[in-house]
Amino acid sequence: MHPHRRLARRLLTLVASLLLALAPEISGGATSAQAAGSVPAFDHVFTILMENHSYNEIVGNSQAPYINSLVSQYGIASNYFAVGHPSLPNYLELTGGSNFGITTDCNPSQCTVNQPNIAADRITPAGKTWKAYEESMPAPCTLSDSGEYAVRHNPFVYYTDIQTTPQCNNDVPYTQLATDLGSTATTPNYAFITPNLIDDMHDGTIAQGDTWLSQNVPTILNSPAFTSQNSVLNIVWDEDDGTQNNQVASIMISKSTTAGYHSTNLYNHYSWLATIESAWGLAPLTSNDGGATAMSDFFVPQTGQTLPGAPTNVTATAGHRQATVTWTPPASNGGCSITQYNVTGSPGGSATVSGTSTSATITGLTPGTSYTFTVSATNCVGTGPASSPSNPVVPTKH
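Heads up, the final residue of the sequence shown is numbered 398 in our numbering, and it's a clean run with no missing numbers.
Since the hints were made in silico from the structure, they are not lab data.
Nothing false has been slipped in among the hints.
FRET-style restraints, in silico, Cβ to Cβ: (1) GLY304 <-> ASN169: 37 to 45 angstroms; (2) LEU221 <-> GLY127: 22 to 30 angstroms; (3) ASN107 <-> THR369: 52 to 60 angstroms; (4) HIS398 <-> ASN107: 48 to 56 angstroms.
The structure presented is a predicted model; accordingly, all values stated were derived computationally and were not measured.
Every residue, glycine too, gets a C-beta built ideally from N, C-alpha and C.
Construct all of the structure, not just a fragment, from the sequences and the given hints.
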């Protein structure tokens with residue numbers, strides 16, 4: 001594309017974004033910017049990335065009945081924009097907080113990214129798990145196109161600290177997802193799902209993409225990760241087809257999303273990245289996601305849901321440079337499942353464990369120093385009050 005035309009398109013996108021932010025016009029559903037909740041500490045975050053259709057081409061389209069049923073049952077960001085064109089930069093922005101100067105759909109051999117990303121540099125160090133599920137990819141971490149698999153739609157293989165390390169084993173063919181969804185233990189905390197070129201609407205029709213979603217989304221929503229834990233799924237389009245202003249649909253599915261909610265807040269791909277970071281207390285990757293607003297208005301506690309109570313009977317036992325802390329779950333879970341417990345030591349030390357655990361071991365403690373510990377519980381609303389301190393313990397050196 002000629003540079004002047006590219007600049008004109010970007011200016012048009014910016015102006016249109018500002019106009020929509022000032023005077024949104026959304027039809028159907030409960031249109032508002034409802035009071036924001038806080039982003040829950042989700043057990044699992046799913047992203048399904050579709051392709052190359054504007055908001056107006058999807059929402060209200062009779063060729064997408066399943067998608068529009070999800071809009072009615074859950075929520076949609078009615079003022080959400082992709083960041084640019086073409087595909088690859090948007091995928092990088094969703095996972096790295098920047099396009100890193102990449103403005104084409106180049107292959108990994110032509111444009112690797114030696115910069116931090118959400119998977120290897122935030123989620124893994126936080127002790128959480130991730131996988132990318134790529135439909136029609138012939139083998140894990142495939143670095144070139146193959147049939148209906150487009151490597152430009154697989155951002156993780158562009159990052160050097162994934163491509164050249166064992167982390168690449170987390171980049172798997174889509175067929176692995178059904179197996180992983182069999183239990184909460186095998187479902188990754190962060191799942192990035194890319195349909196193939198037909199099913200993501202890039203080469204296929206809107207109807208074909210809608211059919212694929214109708215056949216695959218229920219598997220996610222009926223999995224233990226959704227039925228017994230607190231999870232979220234965002235179905236989002238990478239960009240429009242270049243003829244509109246890059247406004248795209250972002251459909252948010254969670255237990256705490258009000259049915260039929262249409263958010264008029266101005267969001268973009270960095271906002272979704274910031275939402276994930278907010279959920280898990282992760283540091284921003286760049287100033288783009290660091291300055292973005294998390295999409296917290298989608299996560300408003302439902303009637304009867306409150307913070308969980310404080311755990312009780314907190315007891316600590318000293319060990320070699322460590323302590324084991326046990327507790328009794330709170331009398332009230334606040335109306336939704338406890339997703340994690342947070343153990344905090346004084347003068348130091350901490351641990352986070354699953355909502356089904358009643359013990360944790362805190363390592364790296366200083367021998368000869370007296371420690372006490374408190375425990376708090378987190379549910380779909382947020383983190384409740386801390387328990388009373390445990391008995392003091394003094395870790396040993398040997």
